[in-house]
Amino acid sequence: MCARYSLRPVMPRLLEWFDLDPETEFEAQPVVAPTNVVPVVLARADGTRGVRRFRWGLLGPGESGGTGHINARSETVFEKPSFRESAQRRRCLMPATAFFEWGGEGKARRPYRFEWSDRAPLAFAAIWSPPAAVELPATCCLLTTDPNALVARIHDRMPVILDRDACAIWLDPDAPRPLLEAVCRAADPERMAMAEATREETLPPRGGPDVQGSLF
DNA sequence: CCAGACGTTGTT
DNA sequence: GTCTGG
DNA sequence: CCAGACGTTGTT
DNA sequence: GTCTGG
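Using our numbering, the letters of the first sequence map in sequence onto residues 1 to 216.
Hints were generated in silico from the structure; no laboratory data involved.
Some hints here could point you the wrong way.
Claimed, not checked - Computed Cβ-Cβ distance ranges for the label pairs, DEER-style:
hint	residue 1	residue 2	range
1	G60	E181	20 to 28 angstroms
2	A45	A108	49 to 57 angstroms
3	T198	P176	25 to 33 angstroms
4	A152	P130	20 to 28 angstroms
5	R44	A108	45 to 53 angstroms
6	R53	E85	34 to 42 angstroms
7	F78	D188	21 to 29 angstroms
8	D188	R110	39 to 47 angstroms
9	W102	D188	19 to 27 angstroms
10	A108	E75	37 to 45 angstroms
11	T198	G62	19 to 27 angstroms
Since this is a predicted model, take the numbers as computed values, not measurements.
For each residue, glycine too, the CB sits at the ideal point set by N, CA and C.
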């Protein structure tokens, strides 16, 4: 499970990595928790990409409250009634710079940070759902898969992280389902770094996520 | 995932 | 302990 | 505790 | 992942 990630200021590298217009407005959000509104990347009708702000926590049709689903199993996302329509028609990417998993038991339990060794941006495979009312944000959730050898030291699941080619496939509305399922695999552990994280870097700031966003 | 708040009964 | 919000 | 299902609308 | 039933 992944219930906390980080989106640090790495512009314009991130805009370039995601093939976004250099003028795109994009907020950093060093600590992202469920229910926070986060930037997501999706494909426009003309094939170009844009950024929108969705609430992390997928709500079903008509639902307007609660946490919602923050993760969906990639192995079953095209089958489960709660997810399949979004998986088929509403795929998106959730940009990040790191994600966190907790390991240990009791008092020794602590967060670990995972990121690319070269600090490249992470692209989580994600799906989204339209809002129950026009004034509400759409909601999204990220897909999970079995962990690679590095993450497996800490946890039994990890986010699906896509490389640039896989991102293009994931955002292609016409991509065949077997191909979509094929890109949902664990990232190469040789390219990833794991480090003990501080409690502070996983604590959402008081006052809500809006106060931490820095525009640049 | 963590952090924080928590009900009622009824008084060391 | 359990629930809720972030 | 584990095992199993997982909403609703409405029909490719 | 989460909830419910047994």
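Worksheet entry | Contradicted hints - numbers only | Result: hints 3, 4, 6, 8, 10 and 11 break, sorted rising.
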